[in-house]
Amino acid sequence: MKEDKLDKTIVDILHKQTENTSSLKDETFKNIIGRIDEIEKGGNKMKRKSKVPKIASLIIVSLITITALIATTETGQAAIGKVRELLAPEKEIQQELEGQKEEINLELEEKMDYIIYIDKNYYYMESKGSIDKILPIGFPDDLPEVSMIIEQRENESPDQIANELMKSLTSKFEILERQDLAEPIPSVLVFGHGGSSWDSVIQRYYLVDNTKGGTFVITQTYFLEASEGHGVRFDNLLKEFKIIPSEED
Amino acid sequence: MDDQILLTKIIKHNDKEAFEELYNLYGDYALRVATAVTGDSSKASDAVQETFIRIYFNIKNFKLDKPFKPWLYKILINECNRILRKGGKITYISDYIENNVELSEEDKHNFEEYEDLYVAIKNLDSINKTPIVLKYLGGFKEKEISQILNININTLKSRLLKGRQKLKKVLEKNDERRNTNERR
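One line per chain: the protein sequences are A and B, in this order. Going by UniProt numbering, the residue at position 8 of the first sequence is 8; the numbering climbs one at a time, nothing skipped. Going by UniProt numbering, the residue at position 77 of the second sequence is 77; the numbering climbs one at a time, nothing skipped.
Same shape as in the complex, but just chain B (with noise of 0.2 Å):
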């Protein structure tokens, strides 16, 4: 069923079959997108959990002919920014990898590869590392980045090539020290 006969049920009738339909299609990516910002998955639960009743409360405020993704990453970010601003502990991907995933043997091998650049995107600025995770994992083009993030493209065009140099500067480091390493 696509987002406009979904929405249209909730709207009309608040009809929570609907509601978790309309959840298991962006619910997943939701988490994803809020654990990568926030850096912890119980905050990002919490922001998905908060995201997911505003919705649902406000829905009517939402447009049937407007796209519906957007609307919801644009209440999903003001979530994670509230959630990181009230504080708590920052957790690293180290940390990460050690309490949450269960790792195969070739997973471990990328992780160890390019950890540094897990924890170069972990430490990017929030305005540099929220348009990478929307743009990389959350699929979204610039234009509708610019309109989550209610910033000018031209600004969000300039964040995110920060972000990105940062990166890339941080991948070129491994390759050299991986090539210094095979030639010894």
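Just chain A, with the same shape it has in the complex (with noise of 0.2 Å):
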């Protein structure tokens, strides 16, 4: 058989089988709605919050007044150059999946503390409080979890943090280990491997220095089929991770 013939019966097999999904259009967007209506009656969860505008504002105001503080010496002048190059809006990085290369775009995540580059075609930020967590798109509900969770702890060293982690998460995890890294992000890393079947949890703390006496903990969370996918990914979103200077740096 022709290579066309085949591409044309395949085209036309599958609309032919699926063309009565047409009656079920409407009722299916009643439900849409009704489902819609009742989560926004109901406040659930999924709403959206109004939250960004105001942490953008706050941004804004920290960078002012840090390029206003450090625009008069010549450390500082260089420093204001280094953080217009941080907040560049998008970066295109190569990376490595599966063993091959591919170019992609990273779009910046500013909070106050710290910026990231996010791959926005699989991942978004959700925050709550002190906590943003890295979710991926669309993702399936009966998986186990993946995610990258980013906070601060406060007057604590990354040493005492993964000290207290090699103690609590013993009974967790069949594999747990500490180790000092310099890629993707300087910290020091304690990760823990659930098993070895394809769902066993897999979870890499790093411990970044936030420079001001307390850890940054970024939490790398997924399953062991999903190392070669999202944990390569988050991996190269790290990569992309900075400490936003205060104003007494």
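Think of the hints as simulated: they come from the structure by calculation, not from any bench. All C-beta atoms in this analysis are idealised placements derived from N, C-alpha and C, irrespective of residue type, glycine included. Be aware that a few hints might be false.
Beyond 12 Å from chain A on every Cβ pair, some chain B residues (computed) [as the list claims (entries may be wrong)]:
1) Asp3
2) Gln4
3) Ile5
4) Lys9
5) Glu20
6) Ser41
7) Asp46
8) Asn81
9) Ile153
10) Thr180
11) Glu182
With a straight-line Cα cutoff of 25 Å, these simulated SDA-like cross-link-like pairs (lysine to any residue) come out [claimed, not checked]:
12) A:Lys30 / A:Glu19
13) A:Lys128 / A:Pro144
14) A:Lys16 / B:Ala18
15) A:Lys16 / B:Phe140
16) B:Lys141 / A:Lys128
Can you join these two chains into the complex? Each is in its own frame, and there are hints to help.
See below:
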């Protein structure tokens, strides 16, 4: 059979097979609107938050303050350039997945104390209080969790937190280890592996000195089968994590 | 009205009329693709419902300078897979024809002629079936499908090739059988 004929036959069959679904279209939409109304009336957790503009305005104020404070010194001039560079709205990086290289576009997420670049084709950021969570878009509910959480602990060094994690996670994981890392981000890493089945949980805690006596705790959670996908993508995002200096720095 | 205008209205004003218009643009093919992937129109309706609800509440995460359709289908395919993982009965094409489709005589002839191919598409492993459905029913390019499925382009090409090879064999057997019958 010629390739063109095969293609055309598959197209025809799939269209014919599914043409009667149009009778479901109106009913489906009624259900969608009904559910949305229900959720909105009930104040469901899916409801949109209006937090972003506040955070954005605070960042702008901090950056203006930092810029004003450091602009008069020589090192300050260099620092301003760095801040500007940090705030490029988009970045293109090359990443390798399953042995294949690909170019991806990352977009800036600005927070009070740090910035990170996210591949928004795959992930979005959700913020609750002081915890920021990076989650895959449209991820199925019945698979094990995939997330990267960024939070800060004041007055605790990476070493202290690593020691605490090594004690508290012993019973949770089959393998639990600690390493000092330079890549993807200079940090102390505590990582736990839950086993060797496809859905075994993997957690990687990157403990980054926040330069103010505290620690950024960045927790990646995924499962064994997602190591080559989300695991690699999360590490690539971490390469773009930068701490925003405070006014005292 | 184009996607960007509709999406802007939904993002800025939670505009439900714009949301309905968006659904009218994409709902039909979303239902078709979900039916082909799940093999069941009621599961397809569930998947499309969940997809559009997610879109409505997560639209703020969508970047207006990106194409909307691949984003929608990424969510839709994930929903289909979630529903399939939850289990339920498998609908075979013979049941589907019997229960769902009022066929013209010409259609009946075509269905009979290619019944084996229908079954073959439905029986493909989902890793081969979903790319085939997105390509031949969804009208996506290979690069777009690889992004929707979050897989490498070469992996996608290999999955499409394997799927097509299986379907080709079925059609070739059909042709052989028909030729033999004609000779008799």
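Against the structure, the hints:
At roughly 16 Å, the least C-beta separation between Asp3 (chain B) and chain A is larger than 12 Å, which holds for a residue marked as non-interface. At the 12 Å boundary, the C-beta of Gln4 (chain B) stays outside the reach of chain A, the nearest C-beta of that chain being 16 Å off. At roughly 20 Å, the least C-beta separation between Ile5 (chain B) and chain A is larger than 12 Å, which holds for a residue marked as non-interface. No beta-carbon of chain A comes within 12 Å of the beta-carbon of Lys9 (chain B); the shortest separation is about 15 Å.
For Glu20 (chain B), the requirement that its beta carbon stay farther than 12 Å from each beta carbon of chain A is not met, with the minimum near 7 Å. Listed as outside the interface, Ser41 (chain B) is inconsistent with that label: its C-beta sits roughly 6 Å from the nearest C-beta of chain A, within the 12 Å cut-off. Residue-level check failed: Asp46 (chain B) sits 9 Å from the nearest beta carbon of chain A, not beyond 12 Å. Distance check on Asn81 (chain B): its Cβ comes as close as 6 Å (rounded) to a Cβ of chain A, failing to clear the 12 Å threshold; non-interface status is violated.
The Cβ of Ile153 (chain B) does not lie farther than 12 Å from every Cβ of chain A; its closest approach is about 7 Å, which violates its non-interface assignment. Even its closest Cβ contact with chain A, about 16 Å, leaves Thr180 (chain B) beyond 12 Å, as expected for a residue assigned away from the interface. At roughly 17 Å from the closest C-beta of chain A, the C-beta of Glu182 (chain B) stays outside 12 Å, upholding its exclusion from the interface. Simply put, Lys30 (chain A) and Glu19 (chain A) have alpha-carbon atoms about 20 Å apart, close enough for the 25 Å limit, and the pair holds.
Taking the CA atoms of Lys128 (chain A) and Pro144 (chain A), the gap is about 21 Å. The hint holds against a cut of 25 Å. Of the pairs offered as hints, the one joining Lys16 (chain A) and Ala18 (chain B) is violated, with about 30 Å between alpha carbons and a cut-off of 25 Å exceeded. With a C-alpha separation of about 18 Å, the suggested pairing of Lys16 (chain A) with Phe140 (chain B) holds against the 25 Å cut-off. For the hint pairing Lys141 (chain B) with Lys128 (chain A), the CA-to-CA distance comes to about 38 Å; that exceeds 25 Å, so the pair is violated.
Checked against the numbered hints above, the structure breaks hints 5, 6, 7, 8, 9, 14, 16 and satisfies the rest.
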